[in-house]
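Asks: Read off the chains here:
Protein chains: 2
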Amino acid sequence: MNKPGEEVREMLEGLVMAFPELIELDPKYNNIYRKYRKKDKVAIITGGGSGHEPAYGGFVGYGMLDAAIAGAVFTSPSTMQIYQAMKTVATEKGVLSVIMNYTGDKINFKAAMKLAEDDSIKTELVISNDDVALKDKQMRRGTTITVLAHKIAGAAAEEGMEIAEVKRIAQKVIDNGRDIGVALTPCSVPAAGKYSFELKEDEIEFGIGIHGEPGVQRIKYVPSAELAKIMVDKLVEDLNVKKGDEIIAVVQGTGGTPYMEKLVFYRDVMNYLNGLGLKTYASWVGEFLTSIEMQGTRVAILKVDEEMKRLFSAPALTPVVKTIPMASTVMS
Amino acid sequence: MNKPGEEVREMLEGLVMAFPELIELDPKYNNIYRKYRKKDKVAIITGGGSGHEPAYGGFVGYGMLDAAIAGAVFTSPSTMQIYQAMKTVATEKGVLSVIMNYTGDKINFKAAMKLAEDDSIKTELVISNDDVALKDKQMRRGTTITVLAHKIAGAAAEEGMEIAEVKRIAQKVIDNGRDIGVALTPCSVPAAGKYSFELKEDEIEFGIGIHGEPGVQRIKYVPSAELAKIMVDKLVEDLNVKKGDEIIAVVQGTGGTPYMEKLVFYRDVMNYLNGLGLKTYASWVGEFLTSIEMQGTRVAILKVDEEMKRLFSAPALTPVVKTIPMASTVMS
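First to last, the sequence lines map onto chains A and B.
For what it's worth, this note's numbering labels the leading residue of the first sequence as 1087, then goes sequentially.
For what it's worth, this note's numbering labels the leading residue of the second sequence as 1087, then goes sequentially.
These are computed hints drawn from the structure, not numbers from a lab.
This one's a predicted model, so the numbers in the text were calculated from it and none came from an experiment.
Errors might be hidden in some of the hints.
Which copy is meant is left open, so a pair is good if it fits within one copy or across any two.
[Said to hold, decoys possible] Below, simulated DMTMM-like cross-link-like pairs (lysine to aspartate or glutamate); rule was C-alpha separation at most 25 Å, straight line:
id	residue 1	residue 2
1	1089	1289
2	1208	1288
3	1315	1092
4	1121	1284
5	1280	1222
6	1408	1110
7	1125	1284
8	1306	1210
9	1280	1178
10	1114	1222
11	1089	1319
12	1124	1210
13	1306	1092
14	1121	1393
15	1395	1107
16	1365	1107
17	1089	1288
18	1089	1251
19	1258	1287
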């Protein structure tokens, strides 16, 4: 790192230097915008604390997001940052925010929506709460399914649907998706300079959040295939999917997880899902919504219908997701 | 992990499950093959120890490799594995091996070439030694430039060039490329279960190899932009590139490096290269040749001419590199 406090802007500068054809940065607000935005579609935006890269700047572009608003590490972006993004990408069809269920994000997005509405910008909001670690659905945090909502609702917007339709589809993705995470090591926030919790060498933190907040349970090391079973069972039970149902699966590292472990664990998750008789329409393996340098993994499944499948497979061109119709897998 | 000793095959199974359209696995030999191989082109293969993912299975496919041969973690594949790969992908135009400068790999590839030649298979060999950490060029290890040689020579093979031409081009890439790595943490081999060296919290291991072997120097933490200068200066001096020269740059994490640090460091490297007056034709940022879970970074630069630029920008379709003509950047 260079100067403390500058890491988010510098990181965003790096992202835009790598993909100048796709995205641009407003350095005053740390907002990443899609280049060449359409004027006749619903604009889709998101935002949240940094430290979850490639989320969300990596998903800005054709077929997904029009703007990603980056707060400081693990800190909500401000109302003014969000309002600025809404003004920048607004179209006559309106601006849909698809964000995660965290208090600061909700307060600031809602406040920005009020300001935007005073400017006669049509706005709508969808909040993801897909993390099954917590029992109470109202309390559940938003995690990986948010990214699938951006992909699927992003395609709906790209097709020219009205904001009520795009919102309905984003909400359908949230309602049909579940995610669970575990950590083998904690992560450290640059500003704090210390670890968020401590783990013995043979312990797994189960039900971990994406900010290094402690999980709901601590378990001993188990083989990868057994961990896959424990995590998938939790998702399958909560989502109530059955043999023959079609799903999209996402298996990812949490920032510091080596490829070898990601790929072995992906194999074990896919084998177990197949054994349950679930049909995997598509899968992603890689890193999508991370927790700085944490070693661990998250698994998410989304029960899909024909509409979600069609929109998932629609073209997209962003730094991370580059899909052509029917491409089934992304590795990041 | 599941059973010790099974991690490489399981990891390769995961890779092939993720990209069944592009690659296939011979589980008996742990060889990854390109699907739908052409019969009228030079076959290009590589191999080496595992633990460097996405190398090399992630680079098998159209426009790059026909086979990747995976040894155990940080261990050369056997002569029989390599010979099997040569027999499988051989064409009348021959088989070119583009490997890295490690003793075990060289012995086993040369032995396999002898066996293949007894079967009347035409073979050639190119060995990369791009790591500038060591002064003596004969001793220099192969690192990131090997992947660029696969991309550029892979495109030459795809165009139908004869094996002498493809070899000349691979060698030209090696001769014009340099790489340097640093580590902030060591890595641990699953079979050994211990770290390869120890570092204090504020120390950087400079000139690190890709197997966790200690570097050539230990330095104190410096800001990212200063580290970029130190590393790039080393490359520029050794390669003797000057203002106005065109280059391709690769900035990567070493397996456990968070995105935020990769992107900030990429920004600093690109800014410094620009400041030197070097023209970056294209760049890659992500993870390409890693060291399990090591936190650190590698920087590589390749001085390019018109032939290398044309072949670099030719189409490729592999798990990691998916280029369409003139796409300038890949993130993995």
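Asks: Please flag the earlier hints that this structure goes against, numbers listed from lowest up.
Replies: 2, 4, 5, 7, 8, 9, 10, 14, 18 and 19
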